[in-house]
Amino acid sequence: MQMMPQMGYDRAITVFSPDGRLFQVEYAREAVKRGTTAVGIKVKSGVVLLVDKRVTSRLLEAASIEKIFQIDEHIGVATSGLVADARFLVDRGRIEAQINRVVYDEAIGVEILAKKICDFKQNYTQYGGVRPFGTALLIAGVDRKEPRLFETDPSGALLEYKATAIGAGRAEVMEHFEANYAEDISMDDAIHLGLDILYTITEGRFDADTIEVGVIEVETKKFRMLDPDELGGYLQTIRERHASEDEEGEEET
Amino acid sequence: MQMMPQMGYDRAITVFSPDGRLFQVEYAREAVKRGTTAVGIKVKSGVVLLVDKRVTSRLLEAASIEKIFQIDEHIGVATSGLVADARFLVDRGRIEAQINRVVYDEAIGVEILAKKICDFKQNYTQYGGVRPFGTALLIAGVDRKEPRLFETDPSGALLEYKATAIGAGRAEVMEHFEANYAEDISMDDAIHLGLDILYTITEGRFDADTIEVGVIEVETKKFRMLDPDELGGYLQTIRERHASEDEEGEEET
Amino acid sequence: MQMMPQMGYDRAITVFSPDGRLFQVEYAREAVKRGTTAVGIKVKSGVVLLVDKRVTSRLLEAASIEKIFQIDEHIGVATSGLVADARFLVDRGRIEAQINRVVYDEAIGVEILAKKICDFKQNYTQYGGVRPFGTALLIAGVDRKEPRLFETDPSGALLEYKATAIGAGRAEVMEHFEANYAEDISMDDAIHLGLDILYTITEGRFDADTIEVGVIEVETKKFRMLDPDELGGYLQTIRERHASEDEEGEEET
Amino acid sequence: MQMMPQMGYDRAITVFSPDGRLFQVEYAREAVKRGTTAVGIKVKSGVVLLVDKRVTSRLLEAASIEKIFQIDEHIGVATSGLVADARFLVDRGRIEAQINRVVYDEAIGVEILAKKICDFKQNYTQYGGVRPFGTALLIAGVDRKEPRLFETDPSGALLEYKATAIGAGRAEVMEHFEANYAEDISMDDAIHLGLDILYTITEGRFDADTIEVGVIEVETKKFRMLDPDELGGYLQTIRERHASEDEEGEEET
Amino acid sequence: MQMMPQMGYDRAITVFSPDGRLFQVEYAREAVKRGTTAVGIKVKSGVVLLVDKRVTSRLLEAASIEKIFQIDEHIGVATSGLVADARFLVDRGRIEAQINRVVYDEAIGVEILAKKICDFKQNYTQYGGVRPFGTALLIAGVDRKEPRLFETDPSGALLEYKATAIGAGRAEVMEHFEANYAEDISMDDAIHLGLDILYTITEGRFDADTIEVGVIEVETKKFRMLDPDELGGYLQTIRERHASEDEEGEEET
Amino acid sequence: MQMMPQMGYDRAITVFSPDGRLFQVEYAREAVKRGTTAVGIKVKSGVVLLVDKRVTSRLLEAASIEKIFQIDEHIGVATSGLVADARFLVDRGRIEAQINRVVYDEAIGVEILAKKICDFKQNYTQYGGVRPFGTALLIAGVDRKEPRLFETDPSGALLEYKATAIGAGRAEVMEHFEANYAEDISMDDAIHLGLDILYTITEGRFDADTIEVGVIEVETKKFRMLDPDELGGYLQTIRERHASEDEEGEEET
Amino acid sequence: MQMMPQMGYDRAITVFSPDGRLFQVEYAREAVKRGTTAVGIKVKSGVVLLVDKRVTSRLLEAASIEKIFQIDEHIGVATSGLVADARFLVDRGRIEAQINRVVYDEAIGVEILAKKICDFKQNYTQYGGVRPFGTALLIAGVDRKEPRLFETDPSGALLEYKATAIGAGRAEVMEHFEANYAEDISMDDAIHLGLDILYTITEGRFDADTIEVGVIEVETKKFRMLDPDELGGYLQTIRERHASEDEEGEEET
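Protein chains in written order, with UniProt numbering: chain A, 1 to 253; chain B, 1 to 253; chain C, 1 to 253; chain D, 1 to 253; chain E, 1 to 253; chain F, 1 to 253; chain G, 1 to 253.
The set of hints was computed from the structure by calculation and includes no laboratory data. Keep in mind that the hints are not guaranteed to be accurate.
[Said to hold, decoys possible] Output of the computed footprint for chain A on chain G, the stretches with three or more beta carbons under 8 angstroms from beta carbons of chain A: (1) 32-38; (2) 118-128.
[Said to hold, decoys possible] Which bits of chain D does chain C cover? Going by a derived footprint, with three or more residues having C-beta under 8 angstroms, they are: (3) 22-36; (4) 59-71; (5) 86-96; (6) 123-132.
The beta-carbon is built from N, C-alpha and C at its ideal position, and this holds for glycine as well.
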């Protein structure tokens with residue numbers, strides 16, 4: 001009975017509730033909150049995106065769970081929420097990037113691309129006959145000499161972060177960042193920081209198959225995924241560190 | 001149960017309630033009331049727009065929270081409410097301004113631009129399959145030798161003010177203005193007046209990163225954002241003034 | 001509970017209620033009843049339109065609250081109800097007037113213009129996907145040598161009056177007119193009559209800033225707004241008259 | 001509670017109720033029943049249409065309440081119900097008449113015109129996204145040497161009458177006709193008969209301003225409105241007759 | 001309360017109820033059941049259609065109540081139900097007949113025409129945004145040397161009958177036919193049979209004005225309406241027969 | 001009250017219920033279950049379709065109740081459910097067959113035709129603004145040297161059977177087939193088997209007028225309806241067999 | 001009563017529920033869960049798809065129940081859920097494969113095809129006026145030298161598996177695979193593994209008619225269905241194995 005008053009506000013098209021909220025957009029945000037955790041960290045020398053793919057079965061080809069996508073040479077995105085919606089937005093982003101190359105004969109700016117994706121998302125919150133996208137994106141890239149890290153949500157809102165996260169583990173990750181993030185660390189340290197957080201969130205259940213890491217450095221301006229070997233090295237370090245911490249913890253007890 | 005009678009009036013398209021109100025428009029106004037506070041002050045020599053960006057995390061790039069936008073050389077707008085809707089309206093305004101330059105070979109009048117944005121908004125309150133915009137705008141500019149300051153709301157209504165505010169702090173700001181506003185103060189004093197109000201509203205939690213200030217002067221007819229240094233100077237003055245007041249207050253006790 | 005039977009008649013499109021009324025149109029009339037009071041008086045030598053702009057804050061530029069609009073050289077309208085809807089209808093009227101000049105090379109007849117606006121309004125009460133206009137208009141002009149004064153409502157109905165009013169004060173004004181209106185008074189007396197009524201309605205809270213007066217005389221066939229000085233003179237007379245009346249009233253007691 | 005079962009049948013589009021009625025059409029008929037009374041009388045030598053314009057205020061220009069319209073030289077219609085809908089249908093009829101003149105180079109037949117208007121009305125009862133017309137029409141004209149008098153209702157049904165009425169007074173008028181109508185009276189007597197009925201219905205509250213009378217005679221085949229003088233003459237006769245009847249009535253008592 | 005479960009099935013478009021019925025179609029059939037009674041009788045030498053026009057007022061021009069229409073030289077239809085819907089279908093049938101003449105240079109087959117009208121009707125039961133036709137038709141004609149008599153209903157179903165009826169009196173007529181119909185009677189006897197039934201149904205309240213009779217004979221292949229004199233002769237016979245029966249009945253008592 | 005939970009799933013367009021069913025499709029199946037019984041039997045040498053036309057009145061021309069239709073020279077279909085929907089699908093099938101002849105210059109395959117009709121039906125279960133077809137079909141034909149017998153239902157599902165039935169008597173017929181069907185019987189025996197079943201279902205109330213039988217043999221590849229004489233012969237055999245069985249039954253008692 | 005809160009989220013178009021789920025998509029998944037079980041196993045040398053066709057009547061032509069379809073020479077799909085929806089998607093897949101051959105003159109990649117089908121499915125979850133597809137697919141093929149096995153669901157999500165299942169028996173099969181699957185077994189063993197699982201699920205009720213098996217080997221890159229003889233051999237082995245197991249089991253007891 002308690003839910004009946006909402007009946008009028010969340011149907012058919014995205015309309016306002018009496019307190020000025022767009023229910024369909026807020027419900028779409030819930031879809032994101034139930035998604036896998038994606039983390040983005042921006043440092044002076046570049047940006048790193050990390051995703052826990054939440055592989056739950058050994059029968060699954062972990063590689064088929066794509067959560068980080070390359071949009072253009074210099075831009076990558078990490079997604080959380082409805083995977084089919086994410087693929088749709090990634091395709092849209094790639095098209096925008098290509099159009100920019102064809103029309104202006106140069107790579108699209110990271111912020112411009114982010115805004116175009118957000119404008120596209122906004123449209124799905126204002127017109128009838130569609131629902132909002134149930135997907136958030138972290139957009140990482142380099143504009144001229146600047147590393148950039150944007151976050152979009154189902155409303156089409158756009159914010160730039162130094163470090164942020166989307167998906168189920170967002171609150172925990174942000175708390176961690178508030179305490180431990182520093183802008184002037186190296187890319188290497190940034191990757192370690194990100195993996196460290198994912199280690200905590202997944203309670204140590206991860207390996208090179210279930211984690212995806214994408215990086216872009218200011219110097220190269222090329223977005224690339226870490227290959228299994230590279231990633232394996234980082235994971236080894238994290239595991240060792242935690243193992244010794246646990247030992248210490250045990251010793252302390 | 002008490003809300004059931006409203007069920008019929010706020011769905012699908014913007015229809016009238018039995019007492020002649022458009023619920024979807026009023027609900028959209030609630031979205032504005034929950035937005036960040038934007039303040040506009042018009043004086044003889046120009047107009048100033050000030051916004052508290054409500055930065056809540058050190059991880060956020062405050063610069064990415066754009067609340068004041070330049071529409072044309074001589075026009076700027078401050079927004080409050082749904083940010084993606086605001087971006088849509090800002091784009092619309094820029095297009096109208098460009099069209100005017102192309103068709104009439106001159107800059108668009110501030111009032112004409114404001115009316116065009118409002119007509120656009122009105123359409124979203126009368127036709128089916130869309131929702132109204134959840135955004136209010138303060139539009140500042142100079143028409144010939146006159147400073148102008150308009151406020152629009154989700155209905156498409158348009159009013160010109162000497163000083164006004166939109167967003168969460170509106171009531172408090174307006175009360176302040178009724179008591180303290182004078183039309184013949186200098187731009188400098190206007191900026192101080194605006195910052196003073198924001199200082200009160202934010203309970204002193206602000207700095208050059210979380211405040212945006214845009215000004216346009218009759219003499220130059222150029223809208224520009226204060227740069228961090230300029231803004232820093234003003235903020236310093238405000239802080240000092242309040243500090244001494246607090247001291248006085250303490251002394252008085 | 002008591003309102004539930006109406007649920008079926010006022011949604012989505014303008015449909016008939018069991019007793020043959022169009023609810024959405026009647027609700028739109030409520031929007032007009034909540035609007036500012038506009039008064040029209042037709043005399044032998046012309047027509048006068050008067051509006052109380054209901055200015056509630058000294059921060060508001062009273063001049064920006066337009067309630068009387070010129071449609072063509074010889075036609076003006078006063079509006080009440082939703083201001084954005086009014087602007088839309090005014091634009092429509094101007095376009096119709098221009099079309100007439102282009103197509104027939106002569107000024108549009110006042111009655112023809114009024115009918116065109118009403119046909120436009122009627123359409124918004126019969127087709128789906130739109131709502132009726134929440135605005136009434138008083139249309140004043142001169143056809144050949146005849147002064148004309150029309151009133152339209154949200155249904156698209158059209159009536160010609162000798163003297164009439166729309167908006168919140170309608171009932172009070174009409175009562176006043178039934179008792180005091182005479183067709184053969186001068187324009188000057190008509191303006192005094194109108195202001196007298198607004199004085200009563202606003203309980204004397206008015207000045208040249210909060211009142212708009214538009215006149216068209218049979219002789220000139222030009223619609224024009226009274227300028228502040230002219231209007232000031234009239235207001236002075238009204239205030240003096242009421243002051244002396246009050247004195248007399250007091251003396252009498 | 002008692003009205004809830006109807007909720008399903010009268011919304012959005014004109015659908016059938018369980019007993020095979022079209023509610024929206026029946027509700028539109030209610031709009032007609034609340035309209036002013038229009039009377040049509042066909043005699044050998046022509047047809048007369050009479051309307052009580054129900055003028056309620058001395059401030060209203062009675063002439064602006066048009067209830068009888070000329071469609072073509074040889075056809076006139078009297079309307080009852082929603083006035084804006086009536087104007088729409090009248091315009092439609094005029095267009096059909098003009099088209100006939102252009103395409104066939106001759107005046108449209110009265111019955112053909114009546115059918116075209118009815119087909120138009122029927123469409124508004126079968127397709128979604130519109131409501132039926134809330135207007136009935138009496139259509140009077142001369143086909144070759146025959147006087148014709150048609151009545152249409154919101155369903156698009158068409159009937160020819162010797163004498164009939166639409167609007168609030170229909171039942172009373174029809175009863176009167178059943179008793180007093182004769183086909184072979186003169187036009188003059190027909191006008192007297194009609195005015196007599198209106199006198200009764202309005203309880204004698206009428207004059208040349210509040211009554212409209214249109215006639216078409218077989219001989220001339222021209223539809224025309226009675227001018228004030230002509231009408232005044234007839235009214236005088238009616239008043240005298242009733243006055244003497246009242247006297248007699250009083251004497252008899 | 002008892003009707004609430006149906007709320008979901010009869011709105012907006014023609015959908016299935018849980019037991020596989022199309023409510024809107026069944027409700028449309030109710031509209032037919034409330035219509036005037038139309039009777040069709042097929043004999044070896046032709047087909048006769050008879051309709052009781054149910055004239056209720058002496059003020060009505062009985063001739064204007066058309067219930068039997070000619071579609072083409074060799075085809076006529078009798079209708080029952082919503083009269084405006086019937087007119088629409090008759091127009092449609094005439095167009096189909098004309099198209100056939102233009103395209104194939106020959107008269108359309110009766111069965112082909114009947115199927116085309118039924119296909120048209122079926123469409124109005126399957127697509128959204130329209131309601132089914134509230135009209136049944138009896139279609140009479142001659143295909144090559146065969147007399148044909150078809151009946152359609154609002155669903156678009158098509159059946160051929162030897163003798164049948166639609167409208168309010170259907171059940172009573174069919175009962176009569178089951179007992180009294182024979183295929184090898186003459187046209188004259190068929191007409192008498194039909195009038196006899198109408199006499200019973202109307203309790204003897206009929207004359208040449210309130211009855212319409214159309215016939216088509218195999219020999220001529222021309223559909224034609226009986227003229228008043230012809231019809232008068234038949235009616236006389238029927239009246240006399242019933243009068244003598246009544247006398248006999250009285251004598252018997 | 002018990003039906004209310006279904007209110008949300010069966011309206012407007014065909015949507016899924018919480019347990020993954022398409023209500024509108026299932027309700028359409030109910031329309032089929034209420035239809036006349038159609039039977040199909042495939043044997044080595046061909047296919048036979050039999051329908052009980054359920055003729056309920058001697059006034060009805062049994063021949064006009066078409067339940068078996070020829071689609072192309074080598075394909076016939078038997079239908080059950082809404083007859084107007086069936087006619088629509090039959091027309092569609094004929095068009096597909098003709099297109100195949102025009103485009104590929106050869107007769108359409110039975111399976112291809114069946115799939116095309118089913119794809120068409122599926123579309124009416126997935127898109128808004130339409131309802132599913134309330135008709136099932138048995139499609140019989142010969143592909144190369146193979147007899148084929150397909151059954152479609154309102155969902156657009158397609159199955160091939162050795163022997164099957166649709167309509168009201170389906171369950172009873174299928175039970176009969178499970179016990180008595182054999183693939184290697186002759187066409188003659190197949191026809192006897194089918195008639196035997198219809199005899200049982202109709203409790204012996206049938207004759208050459210109320211039964212339709214269509215056959216296609218592998219040898220000829222021509223679909224044809226049994227003519228009255230042929231059919232009469234088969235019926236005679238069935239009646240005699242049942243008569244003797246009944247006698248035996250009686251004797252046994 | 002308990003279901004009423006859901007009324008608002010599952011109608012008309014696919015909208016979000018308060019916890020961020022798309023009800024229509026989840027209900028469509030239920031349609032899949034009620035479907036027949038389809039199994040896919042990928043090994044080093046190829047992929048095998050197996051389906052239990054759940055044949056319930058000896059009258060049904062088991063061959064007509066197609067659950068495995070060839071899309072292109074090198075790609076096959078197994079389906080579960082609504083069969084008419086499956087056929088639609090299979091057709092779509094074939095068209096995409098053909099387009100690729102025409103446009104790029106080469107066979108489409110398995111993953112590209114899978115993504116195109118999924119994008120198509122996603123569209124049916126975001127736009128109004130349609131419902132999602134009630135079908136899951138297993139897509140098997142060889143990309144260059146790699147065997148691929150994808151699974152799609154009604155949301156348009158896409159995952160690659162080593163071994164997986166869709167339909168009613170999914171949970172049971174997956175449990176079996178978690179325990180018994182190994183990637184390096186031979187194709188022969190993979191087929192045995194799959195049949196073994198179907199044997200268990202169907203409780204041994206299966207034969208060459210009710211099971212469909214499709215295979216593609218890396219070496220040949222040709223997708224093909226096992227023919228009855230081949231399949232018969234495999235089934236014999238399975239039956240014997242289970243028989244001996246049962247015996248052993250019995251012996252053990």
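Taking the hints in turn, this is what the structure says about them:
1. 32-38: Since 0 is below three, the answer is violated.
2. 118-128: Coverage by chain A holds here, the residue count being 8 at a Cβ distance below 8 angstroms.
3. 22-36: holds (count 10)
4. 59-71: With 6 residues close enough to chain C, the hint holds.
5. 86-96: holds (count 3)
6. 123-132: holds (count 6)
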